[in-house]
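Undergrad: Let's have the full structure, built from the sequences with the hints guiding it.
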Amino acid sequence: MRDQTCIVGTGTTAYGRRGDFYERGQVDQIREALDLALAESGLDRRDVDGFASYSVDANDPSLLAPALGIPNVNFSNLVFGGGGGGTCGAIANAAAAVIAGLAKVVMVYKVITQPPHMRFGAAYGSAQVAADPMSDFHRPYGLVSPVQFFALLFQRHMHRYGTTTRALAEVAVQTRAHARRNPKARRQEPMTIEDHQSSRFIAEPFRLFDCCQENDGGAVVLVTSAERARDLKAKPIYVMGGAQGGDSLWGQGLTSQNQPEDLYTSAGHRHLAKRLYEMAGVGPSDVDVALFYDHFSGMVLLQLEDYGFCKPGESGAFVENGGISWQGGRLPVNTHGGNLSEVYLLGMTHVVEACRQLRGESTSQVDGAEIALVTAGPSNLPTSSLLLRR
Amino acid sequence: MALSEELARIGPNATTRPFWEACLRRELRIQRCGSCGRFRHPPLPGCPHCGSAESEWPLVSGRGRIHSFTIVHHPALPFLAEAVPYNVVVVSLDDAPGARMISNLLDAEPGELRIDLPVEVWWDEAGPDVVLPCFRRAR
Ligand SMILES: [Zn+2]
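Protein chains in written order, with our numbering: chain R, 1 to 390; chain V, 1001 to 1139.
It is worth saying that the hints were derived from the structure and are not from the lab. Glycine is no exception: its CB is placed at the ideal position from the N, C-alpha and C atoms. Treat each hint with caution, since some may be false.
To give a feel for the contact side, a few chain V residues facing chain R, derived at Cβ under 8 Å [said to hold, decoys possible]:
id, residue
1, Leu1080
2, Ala1081
3, Ile1102
TA: Printed below as a string of structure tokens:
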């Protein structure tokens, strides 16, 4: 797969508060994001002939193709799983379709609009989940929200390695500082370590400022062959590798909490990391900037370990010693402001920011960034990750 | 005294029914592979370690230790507003190595909850047809 395909255009809609765009509908937002991506790439909408998405997306090609003015559909594909685990997998599937000749230009898309009657954070308590016999082993005990599942994993990490919530604060504060340089980010208020440490608990040890936002918005990313990309308007961003899946003993570990101990105190990305580096032919020391899926600050720490930027148990010290600082840090992280402080579009903006970094266009630019790591959300299997280069 | 009757309505299927039927008799039975002998929980139709479909349901003591916990302060669902703050614990069972149960610790005061705390199963009649395995501090 290495370097055979490129991301040639990205588009993000205006961002709204939770529920703002519900009435407007998702297809119209996909159209807004697609038009921006097309303009960036110089492609025409009639060039698009494939669709890839994830997270039980309701916007299938029968709805999209006519509404978007796309004449022919040659490929469509959805990655399994609920949350943001499939973002990078959807990009990898788009790349695979182009390499296999199934399609010429694939649009990867995702929109979030929250209906008035349901919140994302309550997804595991919904009627649909109640009909699943596997949920009988967690739902009756009030374990019904992603923040609670991840709190359990991180609490054990704190016990096993002595990690503190000060390390969580470091992630939240650095991410907010990035957001404040990004005019599009939704969170612009300054945040100090003390602000973080005095914010209210949601599920111990996670506080309000450890949690991502809930909001509305959408994004589109266009993938085509490297050959075609060279003639297009935007600087091509090469897909070095895209891994999806995970370790079977992680399985439904998020909701079942039954992973073996070494996996329990991880983000569940170790198998993916190994495979991704092998595909791309590079290692952690080659990565200039990382866009880690940050539904919760603690999962940034665990991913630093899974992707080999420090040893298991050392992520707390890594961030407290300035390891993820924008200037002078070994590995700047989430330079757009992340899910925590820019916007929560199920990981799509992490892909978009990686492209900006590699084109030299980030509002928190890392000097000379050549290779970016992007991860999708730690979750039940499958999840995914990408390596991109300029 | 389940957190919420609404959440405690369970719907077993063929794979999970042996567990829940044992609970009605106040017996904690954990699925064990009939081939390699390893425990697994929640129940699955096959063994994650060896792939065998053979399984048995031995009775276990219900004693274990807190593997991890959280104290939930924010009610994710409106009807949990009265229940917060509440704890959720993950329990490693002493005589079912490899199996962990998600539950509530019923008799812990805030601040008493800690990893490795010894606990034992405590049955909670959550409804007419539901007995939930919960835990209390080991006596
Ligand atoms: Zn077995």
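Undergrad: For each hint, tell me whether it holds in the structure or not.
TA: Evaluation of the provided hints:
Contact between Leu1080 of chain V and chain R, as hinted, is supported at the beta carbon level, the nearest pair being about 6 Å apart and thus within 8 Å. The beta carbon of Ala1081 of chain V comes no nearer than 12 Å to any beta carbon in chain R, farther than 8 Å, and the hint placing it at the interface is violated. Because the smallest distance between the Cβ of Ile1102 of chain V and any Cβ of chain R comes to about 5 Å, under 8 Å, the interface hint for this residue holds.
Going down the numbered hints, you'll see the structure goes against just number 2.
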